[in-house]
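K.L.:
One-letter residues, chain by chain:
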Amino acid sequence: MSIKNIGRIFAFDLKNKFKYICLWCVAAAAVMFLYMILFPSVSAMVGLKLNIVPKAMLKLFGMDENMMFNNFVQYFGMVYRIVIIALSMFASSFTAGLLYREESTKTIEFLNALPVSRSEIYFAKGLLGLFANLLLIFVAILFSALAGFINGGKTFVFESFIDMAVKMSFIPIFYWALAWGFAGITAKLNASSIVNTIMGIAYILGYIGVLLENKNFSYISPFELLSPQNVTNLNSSIIIGFLIYAAVGISCIFAGLAVYNKRDFEI
Amino acid sequence: MSIIKVKNFSKSYGKTLAVNNVSFEVNKGDIVGFVGKNGAGKSTTIRAMLNMIFPTKGSITINGLDSVKNSKSIKKLLSYIPSEVNFHEKLKVKDIFEFYLKFENMDKSRLQSLVTYFEFDVNKRVKELSLGNSKKLAIILSLLKNKDIIIMDEPTSGLDPLMQKKFFELILKEKAKGVTIFLSSHNLSEIDRYCDRVLIIKDGIIVDDLNMEALKHSRKKTLNYICKNGSTGSIELNGDINQHIKFLSELDLEEISIIEPSAESSFISYYEEDKL
Numbered sequence: 388m389s390i391k392n393i394g395r396i397f398a399f400d401l402k403n404k405f406k407y408i409c410l411w412c413v414a415a416a417a418v419m420f421l422y423m424i425l426f427p428s429v430s431a432m433v434g435l436k437l438n439i440v441p442k443a444m445l446k447l448f449g450m451d452e453n454m455m456f457n458n459f460v461q462y463f464g465m466v467y468r469i470v471i472i473a474l475s476m477f478a479s480s481f482t483a484g485l486l487y488r489e490e491s492t493k494t495i496e497f498l499n500a501l502p503v504s505r506s507e508i509y510f511a512k513g514l515l516g517l518f519a520n521l522l523l524i525f526v527a528i529l530f531s532a533l534a535g536f537i538n539g540g541k542t543f544v545f546e547s548f549i550d551m552a553v554k555m556s557f558i559p560i561f562y563w564a565l566a567w568g569f570a571g572i573t574a575k576l577n578a579s580s581i582v583n584t585i586m587g588i589a590y591i592l593g594y595i596g597v598l599l600e601n602k603n604f605s606y607i608s609p610f611e612l613l614s615p616q617n618v619t620n621l622n623s624s625i626i627i628g629f630l631i632y633a634a635v636g637i638s639c640i641f642a643g644l645a646v647y648n649k650r651d652f653e654i
Numbered sequence: 171m172s173i174i175k176v177k178n179f180s181k182s183y184g185k186t187l188a189v190n191n192v193s194f195e196v197n198k199g200d201i202v203g204f205v206g207k208n209g210a211g212k213s214t215t216i217r218a219m220l221n222m223i224f225p226t227k228g229s230i231t232i233n234g235l236d237s238v239k240n241s242k243s244i245k246k247l248l249s250y251i252p253s254e255v256n257f258h259e260k261l262k263v264k265d266i267f268e269f270y271l272k273f274e275n276m277d278k279s280r281l282q283s284l285v286t287y288f289e290f291d292v293n294k295r296v297k298e299l300s301l302g303n304s305k306k307l308a309i310i311l312s313l314l315k316n317k318d319i320i321i322m323d324e325p326t327s328g329l330d331p332l333m334q335k336k337f338f339e340l341i342l343k344e345k346a347k348g349v350t351i352f353l354s355s356h357n358l359s360e361i362d363r364y365c366d367r368v369l370i371i372k373d374g375i376i377v378d379d380l381n382m383e384a385l386k387h388s389r390k391k392t393l394n395y396i397c398k399n400g401s402t403g404s405i406e407l408n409g410d411i412n413q414h415i416k417f418l419s420e421l422d423l424e425e426i427s428i429i430e431p432s433a434e435s436s437f438i439s440y441y442e443e444d445k446l
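As you go down the protein sequences, you meet chains A and B in turn. Read in order, the letters of the first sequence correspond to residues 388 to 654 in my numbering. Read in order, the letters of the second sequence correspond to residues 171 to 446 in my numbering.
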């Protein structure tokens with residue numbers, strides 16, 4: 388496998404997708420900054436309004452009734468948890484699309500005719516997916532931190548903020564791995580649809596688990612496993628859950644690679 | 171010396187057998203035509219050569235290298251023009267050239283001369299290209315680097331007659347350098363004019379392997395005549411030509427015409443359902 392070839396395909400695709408990635412970055416930055424800069428007023432308003440929202444509804448959006456809305460880091464966790472659903476969908480559709488669309492639009496005929504191996508194509512696409520995903524996460528966290536420095540006050544504790552942000556950011560990375568692997572396994576179906584369906588089902592199951600107050604059941608959803616409350620109070624079952632998700636993600640990547648090297652292109 | 175060897179190659183998609191036990195060899199420096207109607211298995215065979223699909227049975231070797239195990243090394247030896255040209259639509263043509271040049275460490279002067287030769291505008295975006303211009307782009311990319319083999323799947327579809335002529339002039343130059351050309355086409359006159367050999371594939375099976383030189387010699391011309399009294403006749407021009415002249419001299423002729431069988435008539439029967 389040639390690193391040079393991976394780099395060339397990576398750079399070519401990056402050029403092709405640059406505007407799209409930038410648009411997502413701008414959207415992520417704008418949403419996070421807007422919500423976080425309004426922290427004092429929004430949190431006060433939300434705190435009042437939440438009293439009239441049913442508890443089940445709050446749980447659906449990961450808002451614990453004990454959550455402190457006058458704490459910047461907690462408030463960030465709540466906002467980021469919603470934004471992270473969008474980031475996970477981006478991670479899945481962008482990464483899967485890089486592989487899937489080469490086949491659905493038949494551009495793979497030209498790419499594959501170059502002196503490159505299938506593994507090089509697979510890694511170039513997956514790594515670009517990771518790069519875009521990390522860039523988006525970085526931008527979201529950066530602009531949240533910026534708002535924190537401007538308007539976070541004493542409750543903005545940078546170390547706690549970064550700790551929560553990094554741990555929660557595992558969620559879109561998990562879905563990136565899943566989408567990359569599935570896109571390697573098949574191009575008959577759009578892997579992003581498969582992963583987004585899995586994501587939706589897992590989210591609902593996790594929510595049901597929360598309603599039933601069954602932690603193990605709720606951990607079917609990475610959104611529940613790595614909820615703001617859980618990442619600030621790590622225990623052994625959360626760490627085991629995290630390791631299982633990591634193992635599933637890595638296995639999916641290697642299964643995708645193995646199948647991609649052996650399957651027909653869908654052209 | 172065989173540079174492409176296809177041995178007992180079969181490809182099935184579920185229960186559908188697309189190519190059935192195909193075997194053939196292509197000699198170095200030949201232009202070999204690959205003819206058959208749509209769905210006969212031409213593109214399937216070509217895609218297997220490039221490891222875009224895997225053989226269900228059999229093997230394909232190119233320059234002694236297995237198409238599955240040594241795919242990357244094979245692709246260093248060959249270039250490919252697909253039947254449908256698809257590139258990322260938003261990109262500029264020059265971006266695509268830049269990308270290809272990086273892979274092949276190619277000389278930019280070669281690119282410039284090809285661009286000029288095919289009267290091609292590199293500043294356009296891919297989505298702005300017509301079918302013919304997309305084909306030109308694919309042709310230029312395939313000819314950028316000196317390769318040992320060029321595999322072409324309907325390369326001239328969409329090109330105007332002048333460009334088709336220019337394309338084949340270039341292909342003949344490549345052949346003169348010893349490049350092997352494997353050409354799948356529905357344009358039977360270009361197959362007739364430029365190929366050394368033609369493989370006919372029908373329903374996934376090679377039904378004929380024709381030497382074009384021998385085929386051209388074996389084609390019988392027909393002389394049609396109309397006499398002044400209105401009677402007509404035709405003579406197959408084989409054997410001693412003087413005998414035919416003698417026969418004709420005894421007739422009171424109004425008009426004669428000599429018909430040379432076209433390439434289409436030589437191949438078209440292979441496209442028909444009842445042949446085999």
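A hint or two may mislead.
[What the hints assert, rightly or not] Now the in silico label distances, taken between C-beta atoms and shown as ranges:
no., chain 1, residue 1, chain 2, residue 2, range
1, A, K391, B, K185, 26 to 34 Å
2, B, L332, A, F525, 50 to 58 Å
3, A, F525, B, A346, 28 to 36 Å
4, B, K185, A, I631, 53 to 61 Å
5, B, T226, A, L599, 48 to 56 Å
6, B, T186, A, T492, 45 to 53 Å
7, B, N178, A, N648, 53 to 61 Å
8, A, L599, B, N178, 55 to 63 Å
9, A, T492, B, I411, 41 to 49 Å
10, B, T186, A, F641, 26 to 34 Å
11, A, D550, B, L271, 30 to 38 Å
12, B, N275, A, A645, 26 to 34 Å
13, B, I426, A, T492, 41 to 49 Å
14, B, G228, A, L599, 24 to 32 Å
[What the hints assert, rightly or not] Dumping the calculated DSS-like pairs for lysine-lysine here, alpha-carbon to alpha-carbon at most 30 Å:
no., chain 1, residue 1, chain 2, residue 2
15, B, K207, A, K402
16, B, K416, A, K493
17, A, K541, A, K442
18, A, K493, B, K398
19, B, K335, A, K402
20, A, K493, A, K442
21, B, K345, A, K649
22, B, K175, A, K406
23, A, K391, B, K207
24, B, K198, B, K297
25, A, K493, B, K386
26, B, K335, A, K391
27, B, K260, A, K391
28, A, K493, B, K390
29, A, K493, B, K391
30, B, K175, B, K207
31, B, K335, B, K345
32, A, K402, B, K227
By construction, these hints were calculated from the structure, which means they are not laboratory data. None of the values given here were measured: they were computed from a predicted structure. Glycine included, C-beta positions come from ideal geometry on N, C-alpha and C.
K.L.:
Now tell me if each hint is right for this structure.
P.N.:
Right, here's what the structure says about each hint:
no. : hint                        : in the structure
1   : K391/A / K185/B: 26 to 34 Å : 43 Å, violated
2   : L332/B / F525/A: 50 to 58 Å : 54 Å, holds
3   : F525/A / A346/B: 28 to 36 Å : 56 Å, violated
4   : K185/B / I631/A: 53 to 61 Å : 40 Å, violated
5   : T226/B / L599/A: 48 to 56 Å : 50 Å, holds
6   : T186/B / T492/A: 45 to 53 Å : 24 Å, violated
7   : N178/B / N648/A: 53 to 61 Å : 23 Å, violated
8   : L599/A / N178/B: 55 to 63 Å : 60 Å, holds
9   : T492/A / I411/B: 41 to 49 Å : 58 Å, violated
10  : T186/B / F641/A: 26 to 34 Å : 31 Å, holds
11  : D550/A / L271/B: 30 to 38 Å : 46 Å, violated
12  : N275/B / A645/A: 26 to 34 Å : 31 Å, holds
13  : I426/B / T492/A: 41 to 49 Å : 56 Å, violated
14  : G228/B / L599/A: 24 to 32 Å : 57 Å, violated
15  : K207/B / K402/A             : 40 Å, violated
16  : K416/B / K493/A             : 62 Å, violated
17  : K541/A / K442/A             : 29 Å, holds
18  : K493/A / K398/B             : 62 Å, violated
19  : K335/B / K402/A             : 36 Å, violated
20  : K493/A / K442/A             : 50 Å, violated
21  : K345/B / K649/A             : 34 Å, violated
22  : K175/B / K406/A             : 45 Å, violated
23  : K391/A / K207/B             : 41 Å, violated
24  : K198/B / K297/B             : 37 Å, violated
25  : K493/A / K386/B             : 38 Å, violated
26  : K335/B / K391/A             : 38 Å, violated
27  : K260/B / K391/A             : 24 Å, holds
28  : K493/A / K390/B             : 44 Å, violated
29  : K493/A / K391/B             : 45 Å, violated
30  : K175/B / K207/B             : 22 Å, holds
31  : K335/B / K345/B             : 15 Å, holds
32  : K402/A / K227/B             : 40 Å, violated
Hint compliance for this structure: hints 1, 3, 4, 6, 7, 9, 11, 13, 14, 15, 16, 18, 19, 20, 21, 22, 23, 24, 25, 26, 28, 29, 32 are broken, all remaining hints hold.
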